[in-house]
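Enquirer: Sequence:
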Amino acid sequence: MKIALIPIDNRPICYDLVEDILSCDKNIELFMPDIKFLGGLQKSSDIDEIFNFLKNLSEIDYLIVSLDTIAYGGLINSRRSTDDFETVKKRVEKFFRIAKTCSKKILAFSSIMRISNNNINEEEKPYWDKFGKKIFQWSYNFDKFSKAKHNIPDEILKDYLNTRKRNFEINKIYLKKAADGFFDTLIFSKDDCAEFGLNIQEAKELEKLSKDLDNVNVKTGADEIPLSLISRALLKNKKLQIN
0 MKIALIPIDN RPICYDLVED ILSCDKNIEL FMPDIKFLGG LQKSSDIDEI FNFLKNLSEI
60 DYLIVSLDTI AYGGLINSRR STDDFETVKK RVEKFFRIAK TCSKKILAFS SIMRISNNNI
120 NEEEKPYWDK FGKKIFQWSY NFDKFSKAKH NIPDEILKDY LNTRKRNFEI NKIYLKKAAD
180 GFFDTLIFSK DDCAEFGLNI QEAKELEKLS KDLDNVNVKT GADEIPLSLI SRALLKNKKL
240 QIN
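Position one of the sequence shown corresponds to residue 0 (numbering that gives the first Met the number 0), numbered consecutively onward.
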């Protein structure tokens, strides 16, 4: 059985752990891009090299993909990237063209952009160190009460909302591809668990739009999603062998 994985980023939990677990079964061949091409806390993935990796794959049974890596260069960069919608859309469409030549079974996941309740910008845009908590609180109240006051500079709130809108519209493109049968499985992951917020609104909307699709799920998590999809692929493969 051959599995190819495009990880979220270069952290051990996303890369080394997968290798360690699958090495227990010698009947599984795992293919991943060289770790030097994957992003991390301070850098974006080399998306062109990711595409080259995909182009060089052949006869893969299951392709498991972090769509955030394809679209933005990684999970963290999905919140930091300043690329506009059209730039990201072209990247995603290129992936669609390439991926179908690699594998008939594509299991993918994309994050619903989180809203961290702190003033730490280590994994966010620079302005999060001053306005992170204020953005969280405004988002929380706006979702809960349908309106909310704030003292966030207009240009910062506008940038934040534009980033959210871009990511949400890209997620809706994935949803349409799932409806067309492109994805065997598509997961939208919730990277936080606040009761209210724009992210909660988006999750509910994606659930509503996908209610008739058996191959789409919205679930809490982030780093563990790839291993969940690998488990799903293994079970699917075992069922095929039994049948």
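In case anyone wonders, no lab produced these hints; they're calculated from the structure.
Some hints could be false.
[Unchecked claim] Under the rule of at most 20 Å between Cα atoms (straight-line distance), these lysine to aspartate or glutamate pairs were calculated in the EDC-like manner: (1) K133 - E194; (2) K1 - E18; (3) K157 - E92; (4) K175 - E58; (5) K143 - D82; (6) K104 - E92; (7) K175 - D128; (8) K203 - D142; (9) K93 - E18; (10) K25 - D82; (11) K235 - E92; (12) K133 - E92; (13) K157 - E168; (14) K124 - E92; (15) K103 - E58.
[Unchecked claim] Listed next, with one range per pair, are the computed distances between beta-carbon atoms: (16) N55 - K146: 17 to 23 Å; (17) T219 - L16: 37 to 43 Å; (18) F30 - E223: 38 to 44 Å; (19) E85 - L208: 31 to 37 Å; (20) S145 - N116: 42 to 48 Å.
Every residue, glycine too, gets a C-beta built ideally from N, C-alpha and C.
Enquirer: The structure should be examined with respect to each hint, and the outcome stated for every one.
Expert: Hints, one by one, checked against the model:
1. As the CA atoms of K133 and E194 are separated by approximately 16 Å, the hinted pair is consistent with the 20 Å bound.
2. Note on K1 and E18: the hinted pairing holds, with a Cα-Cα distance of about 13 Å set against a maximum of 20 Å.
3. Taken as a hint, the K157 and E92 pair is broken in the structure, with Cα atoms around 27 Å apart against an allowance of 20 Å.
4. Between K175 and E58 the CA atoms are separated by roughly 26 Å; this puts the pair beyond 20 Å, and the hint is violated.
5. The suggested pairing of K143 with D82 is violated, with an alpha-carbon distance near 30 Å, which exceeds 20 Å.
6. Note on K104 and E92: the hinted pairing holds, with a Cα-Cα distance of about 17 Å set against a maximum of 20 Å.
7. A threshold of 20 Å between alpha carbons decides the hint, and for K175 with D128 the separation of about 36 Å lies outside it, so the pair is violated.
8. With a CA separation close to 12 Å, the supplied pair K203 and D142 stays within the 20 Å bound.
9. Proposed proximity of K93 and E18 is contradicted: the alpha carbons are some 27 Å apart, above 20 Å.
10. At roughly 41 Å between alpha-carbon atoms, K25 and D82 are farther apart than 20 Å, so this suggested pair is violated.
11. For the given pair, K235 sits about 27 Å from E92 by alpha-carbon distance, which is inconsistent with the 20 Å threshold.
12. At roughly 35 Å between alpha-carbon atoms, K133 and E92 are farther apart than 20 Å, so this suggested pair is violated.
13. Distance restraint check for K157 and E168: the Cα-Cα separation of roughly 16 Å lies within the 20 Å cut-off, and the hinted pair is therefore satisfied.
14. For the suggested pair K124 and E92, the alpha carbons sit about 26 Å apart, so the restraint of at most 20 Å is broken.
15. Between K103 and E58 the alpha-carbon distance is near 9 Å, which keeps this suggested pair within the 20 Å criterion.
16. Here the CB-CB span from N55 to K146 is close to 52 Å, at odds with the stated 17 to 23 Å.
17. For the pair T219 and L16, the supplied restraint of 37 to 43 Å is violated, since their beta-carbon distance comes to about 19 Å.
18. Taking the beta carbon of each, F30 and E223 are about 21 Å apart, not inside 38 to 44 Å as hinted.
19. Taken as a hint, the range 31 to 37 Å is violated for the pair E85 and L208, whose Cβ atoms sit roughly 22 Å apart.
20. With their beta carbons about 20 Å apart, S145 and N116 fall outside the hinted range of 42 to 48 Å.
Of the hints listed earlier, those the structure fails to meet are numbers 3, 4, 5, 7, 9, 10, 11, 12, 14, 16, 17, 18, 19, 20, in rising order.
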